[in-house]
Amino acid sequence: MHLLQVSQLQKKYGNHEVVQNVDFHINQGECVALLGPNGAGKTTIIKMILDINKLTGGKILLNGKRHDQMRKFIGYLPQHPTFYPWMTGRELLIFMGGLSNIERDILEERINELLKLVGLSEVENQLIGTYSGGMKQRLGIAQALIHQPKLLIMDEPVSALDPLGRRDILELLKVIKQKSTILFSTHILHDAEELCDKMLIINKGQLLVNGSIHQIIEQTQKPIFIIQAPRLSEWTHQLMNEDLIESIELTGNAAKVRVKNIEQGRDWLLSHILKAQLPIQKFELVQESLEEIFLRMVKSS
Amino acid sequence: MNRFTVLLQKEWLDAKRSYKLLWLPVVFMFLGILQPLSSFYLPDILKMAGGLPDGMTITLPELTASEVLASALTDQFDQLGLIVIVMATMGIIASDKNNGMLAFILTRNTTLVEYLLSKLVGHAVMIAGSIFLGFLTAVFYTFYLYQAVSVARIAAGLGVYYIWCLFMLTFVIAIGALLSRTPAIALLSIFVLIFLKTITLLEGGFQILNPAHLSNQAVSIITSGNVLPHFFITMTVSVLLIVFCLIFATSYLSRKELPSM
Chain A
1 MHLLQVSQLQ KKYGNHEVVQ NVDFHINQGE CVALLGPNGA GKTTIIKMIL
51 DINKLTGGKI LLNGKRHDQM RKFIGYLPQH PTFYPWMTGR ELLIFMGGLS
101 NIERDILEER INELLKLVGL SEVENQLIGT YSGGMKQRLG IAQALIHQPK
151 LLIMDEPVSA LDPLGRRDIL ELLKVIKQKS TILFSTHILH DAEELCDKML
201 IINKGQLLVN GSIHQIIEQT QKPIFIIQAP RLSEWTHQLM NEDLIESIEL
251 TGNAAKVRVK NIEQGRDWLL SHILKAQLPI QKFELVQESL EEIFLRMVKS
301 S
Chain B
1 MNRFTVLLQK EWLDAKRSYK LLWLPVVFMF LGILQPLSSF YLPDILKMAG
51 GLPDGMTITL PELTASEVLA SALTDQFDQL GLIVIVMATM GIIASDKNNG
101 MLAFILTRNT TLVEYLLSKL VGHAVMIAGS IFLGFLTAVF YTFYLYQAVS
151 VARIAAGLGV YYIWCLFMLT FVIAIGALLS RTPAIALLSI FVLIFLKTIT
201 LLEGGFQILN PAHLSNQAVS IITSGNVLPH FFITMTVSVL LIVFCLIFAT
251 SYLSRKELPS M
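Residue numbers (UniProt numbering), protein chains in the order written: chain A, 1 to 301; chain B, 1 to 261.
Excised from the complex, chain A in its bound form (with noise of 0.2 angstroms):
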């Protein structure tokens, strides 16, 4: 059984489909990025399911369960973690703990343990209405860790962070992953591909890819020329209309030549450069890096 299993799930708001049938699966221990643009539905599905917005469509198990009786296997870090400004950071702790029924001494023991992972004793007894950004992430860190769930998920815990607590938060998930399973949302690929083993990588709320990383370079990789020369643009205007080229990216005087078949595409791009006498300072085969993966996906759809 997998820990938590989404099967078709759908979301319209009116006639507007923010999430189109998106099927995936997550096992015990796994990390699991959740990728995609601004917009593509990230924190619908993780809403979804935490059960704050309502599906409309398909199903959500967790432990082979329905998703609305399972909050408690659920700790969740929200994308903009405001809590009580009123609030310090350790009546917070003991707030939520009390919502998840946890006994006060054992309760007691484990905040003191959180606050020292989180590294938040010092400023403990503060109000959460003097907390850094940073330190409202670790506060909401330390709160979705404190019923000890089965499942961690995080919307876009690191996105809003300057660069320094971005690599804290990161340092901190990776102590926090070898114990738990994660889910966690973001933007930017080069988090997903640190921290995680897998990736689900949306856009326009479908799911395009679905796999370990590995799996997914093997799979979708695409070789691009690289050609470079000046006056670039006229020659490439020229071959856009073309039915073997696939896409061409003009960057200064370098192009990326995406083409349709590797052989066929190479000798037809030599003969054109020698008919137009182009003159070529680069002419390179090379494989698509995850990032460009992303980002062809993500232009694609």
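Be a bit skeptical, because a hint or two may be false.
Distance ranges between label pairs, derived from CB positions [what the hints assert, rightly or not]:
hint, chain 1, residue 1, chain 2, residue 2, range
1, B, Q79, A, Q148, 45 to 55 angstroms
2, B, W23, A, T130, 22 to 32 angstroms
3, A, K12, B, S254, 16 to 26 angstroms
4, B, I247, A, E109, 39 to 49 angstroms
DSS-like mimics (lysine-lysine), calculated; alpha carbons at most 30 angstroms apart, straight line [what the hints assert, rightly or not]:
hint, chain 1, residue 1, chain 2, residue 2
5, A, K65, B, K97
6, B, K97, A, K59
7, A, K179, A, K222
8, B, K256, A, K72
In short, the hints are calculated from the structure, not lab data. None of the values given here were measured: they were computed from a predicted structure. All C-beta atoms in this analysis are idealised placements derived from N, C-alpha and C, irrespective of residue type, glycine included.
Could you slot chain B onto chain A? The hints should help.
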């Protein structure tokens, strides 16, 4: 410890940190002092303000102690007091709803009923304390400046009056569940509650269905020791309306997709 207690403790802490626990009773104590003092010293105040023009005389009614106490309810608590209660409670649902805290709390296996009951009980206790202290000061000054009134009548009258206050509270909670903007919640609540209060001045059988009529019942109990006709019908209707407001708030919020952070 169950979740309701945890939520109630949070309400208490919030009231302490926001000083609501301090200012709400203080405002009612001020209103309580105002009535006996102004009734008693009105002739002197008029004199000091320059007196009346020559030849003009007005006769101020001789107020009894129980009438002074009754008017503390109808002239102070029912007007400024009503507005203060609405102001103190207009944001209690809306703020949690708007900033996503409500949706967030509900991800913790908490139910809306537990949440709303904690809001209701927390503020009902605060309002009870404020009205009690406010009326206590009114009673103290009335006893001092006028004469003693039966304590049993005062207690009974205040008890009946409190049901009307509970209706105000649950009404604001229901409007707070329905609307999001606090100024709109305050305006609509004050408008409806003042309207209910104003029509109690009219004669007519429909009064017995009006929770604001309980304020008249309270006055009658304090001044004469007797209730007006159809007391129990008004009481029952008010309690049913309170329950209805709570059920409305619960079912409306559970059907709605709440904003989240």
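Hint by hint, here is what the structure shows:
For the pair Q79(B) and Q148(A), the supplied restraint of 45 to 55 angstroms holds, since their beta-carbon distance comes to about 53 angstroms. Distance hint for W23(B) and T130(A): a CB-CB separation of about 24 angstroms, consistent with the stated range 22 to 32 angstroms. Checked against the hint of 16 to 26 angstroms, the pair K12(A) and S254(B) passes, with Cβ atoms roughly 20 angstroms apart. Against the hinted window of 39 to 49 angstroms, the Cβ-Cβ separation of I247(B) and E109(A) comes to about 40 angstroms, which satisfies the hint.
With a CA separation close to 28 angstroms, the supplied pair K65(A) and K97(B) stays within the 30 angstroms bound. Note on K97(B) and K59(A): the hinted pairing holds, with a Cα-Cα distance of about 27 angstroms set against a maximum of 30 angstroms. Pair hint K179(A) plus K222(A) does not hold up; C-alpha atoms about 36 angstroms apart against a cutoff of 30 angstroms. Simply put, K256(B) and K72(A) have alpha-carbon atoms about 22 angstroms apart, close enough for the 30 angstroms limit, and the pair holds.
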